[in-house]
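2 protein chains.
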Amino acid sequence: MKIALIGGTGDIGSGFALRWAGQHEMIIGSRKAEKARESALEVSRILEGKGKITGTDNATALENGEVAVLCIPYEHLSSVTTDLKGSYSDQILISPVVPMSFKGKLFEFTPPSAGSAAAQARGLIPEKVRIISAFHTICAAALQDLSRALKGDVLVCGDDKEAKELVFGLAKEIRELRPLDAGPLSASGMVESLTPMLLNIARRNRMKDAGIRIIEERRL
Amino acid sequence: MKIALIGGTGDIGSGFALRWAGQHEMIIGSRKAEKARESALEVSRILEGKGKITGTDNATALENGEVAVLCIPYEHLSSVTTDLKGSYSDQILISPVVPMSFKGKLFEFTPPSAGSAAAQARGLIPEKVRIISAFHTICAAALQDLSRALKGDVLVCGDDKEAKELVFGLAKEIRELRPLDAGPLSASGMVESLTPMLLNIARRNRMKDAGIRIIEERRL
Numbered sequence: 001m002k003i004a005l006i007g008g009t010g011d012i013g014s015g016f017a018l019r020w021a022g023q024h025e026m027i028i029g030s031r032k033a034e035k036a037r038e039s040a041l042e043v044s045r046i047l048e049g050k051g052k053i054t055g056t057d058n059a060t061a062l063e064n065g066e067v068a069v070l071c072i073p074y075e076h077l078s079s080v081t082t083d084l085k086g087s088y089s090d091q092i093l094i095s096p097v098v099p100m101s102f103k104g105k106l107f108e109f110t111p112p113s114a115g116s117a118a119a120q121a122r123g124l125i126p127e128k129v130r131i132i133s134a135f136h137t138i139c140a141a142a143l144q145d146l147s148r149a150l151k152g153d154v155l156v157c158g159d160d161k162e163a164k165e166l167v168f169g170l171a172k173e174i175r176e177l178r179p180l181d182a183g184p185l186s187a188s189g190m191v192e193s194l195t196p197m198l199l200n201i202a203r204r205n206r207m208k209d210a211g212i213r214i215i216e217e218r219r220l
Numbered sequence: 001m002k003i004a005l006i007g008g009t010g011d012i013g014s015g016f017a018l019r020w021a022g023q024h025e026m027i028i029g030s031r032k033a034e035k036a037r038e039s040a041l042e043v044s045r046i047l048e049g050k051g052k053i054t055g056t057d058n059a060t061a062l063e064n065g066e067v068a069v070l071c072i073p074y075e076h077l078s079s080v081t082t083d084l085k086g087s088y089s090d091q092i093l094i095s096p097v098v099p100m101s102f103k104g105k106l107f108e109f110t111p112p113s114a115g116s117a118a119a120q121a122r123g124l125i126p127e128k129v130r131i132i133s134a135f136h137t138i139c140a141a142a143l144q145d146l147s148r149a150l151k152g153d154v155l156v157c158g159d160d161k162e163a164k165e166l167v168f169g170l171a172k173e174i175r176e177l178r179p180l181d182a183g184p185l186s187a188s189g190m191v192e193s194l195t196p197m198l199l200n201i202a203r204r205n206r207m208k209d210a211g212i213r214i215i216e217e218r219r220l
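Sequences listed follow chains A and B, in order.
Under our numbering, the first residue of the first sequence is numbered 1, with each subsequent residue one higher.
Under our numbering, the first residue of the second sequence is numbered 1, with each subsequent residue one higher.
Source of the hints: derived by calculation from the structure; they are not laboratory data.
Bear in mind the structure is a predicted one, so any value in this text is a computation, not a measurement.
Among these hints, one or two may not hold up.
Below 20 Å or equal to it, Euclidean Cα-Cα: the simulated PhoX-like pairs (lysine-lysine) are [unchecked claim]:
id, chain 1, residue 1, chain 2, residue 2
1, B, Lys-151, A, Lys-161
2, A, Lys-151, B, Lys-151
3, B, Lys-161, A, Lys-105
4, B, Lys-105, B, Lys-128
Here are a few chain A residues that face chain B, going by a calculated C-beta distance under 7 Å [claimed, not checked]:
id, residue
5, Phe-168
6, Leu-180
7, Asn-200
8, Lys-208
9, Asp-209
Cβ atoms here follow ideal geometry from the backbone N, Cα and C, with glycine treated the same way.
This is chain A alone, in the form it adopts within the complex (with noise of 0.2 Å):
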């Protein structure tokens, strides 16, 4: 499959192209396309030339994505999808944007009107775009680092089966990473909402690349 990483010359962009580079052809979109094909021969150094990986503007790399993902901060979520309101045909687009602000020392989460950015992205992007919201609380430091497992889950909200699915797969991919139902895309705040609260409970409780796991009590 053909995936785009939009803004993906980040971290979390890095990561994904890093783990699914191996089964995929990734394109790294960035606005300045320079940068995109450096990241891409970052990515390609890690992987010792393993894997299809090439970098291009956010245009040309939705154009060509079958799949895209928004590697970008809720900042841009309507300047990116409206510049790029060309490029759409009938993707995936997977969102793990989060709406939030950091003040007085805590990470609020800040969503629009529509009650998320998923939900708001849906009102910005074509009606045969079919959008997934996932990723929003996956460890980027752990992403890009290929030696680790991820433990914690990936709750995944969105209104099409068939998407959906294929967003599950995507996630079996990386290493012991478990995606989880959450529900359809109206229910992408309570997900959404979880990105703050991690990061105010790992730096009150001085965790590293915190994560969130649904666990089940059991009898012992």
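Given chain A, work out where chain B should sit, using these hints.
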């Protein structure tokens, strides 16, 4: 310590009574004192007479408690706190209350304008009462079953350091339960919204007695 369980005749109230009766004097409260007395007898029976557990009306329970736990559904928060307004002194009040609804197979987080049940309670209850938000995601079935250790974390929000530490201590008295600091009371919304999210995940992924655990991603 004397711990009042306001509306404590249900699953979660019985659970706390069972878990804490070894170290504390438990006062189960209910709108109907008779119902609370029956519940106290039942808990005593399970504990084979070990521990001091009494039942009374909510106002008397609150008046006698140094710590009080609001074991009530969100729908009763406003009326219970108003009805009990003459019974507050300088208690530490623990709120595990979660504002949520169930519509079209989906649990939704429905916070009041204050942002959370705990923040709303803060506005309804005298200033001298210290409010701590905690135990929202604890599994009532596991809490009631003394043979079980609890693996789900307790995420604690509050503005008073001493009260927070006391609640940490109470959590630690429950076998294997781990309290984590999730920030000030203003962060309670992010924690309260975990409950409807967990209920959705449990339903959709066929998980039993679900809880949430914060993990650290580690190198293998």
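Exercise for the section: Hint by hint, work out which the structure violates, then give me just those numbers in ascending order. Expected result: 1, 4, 5
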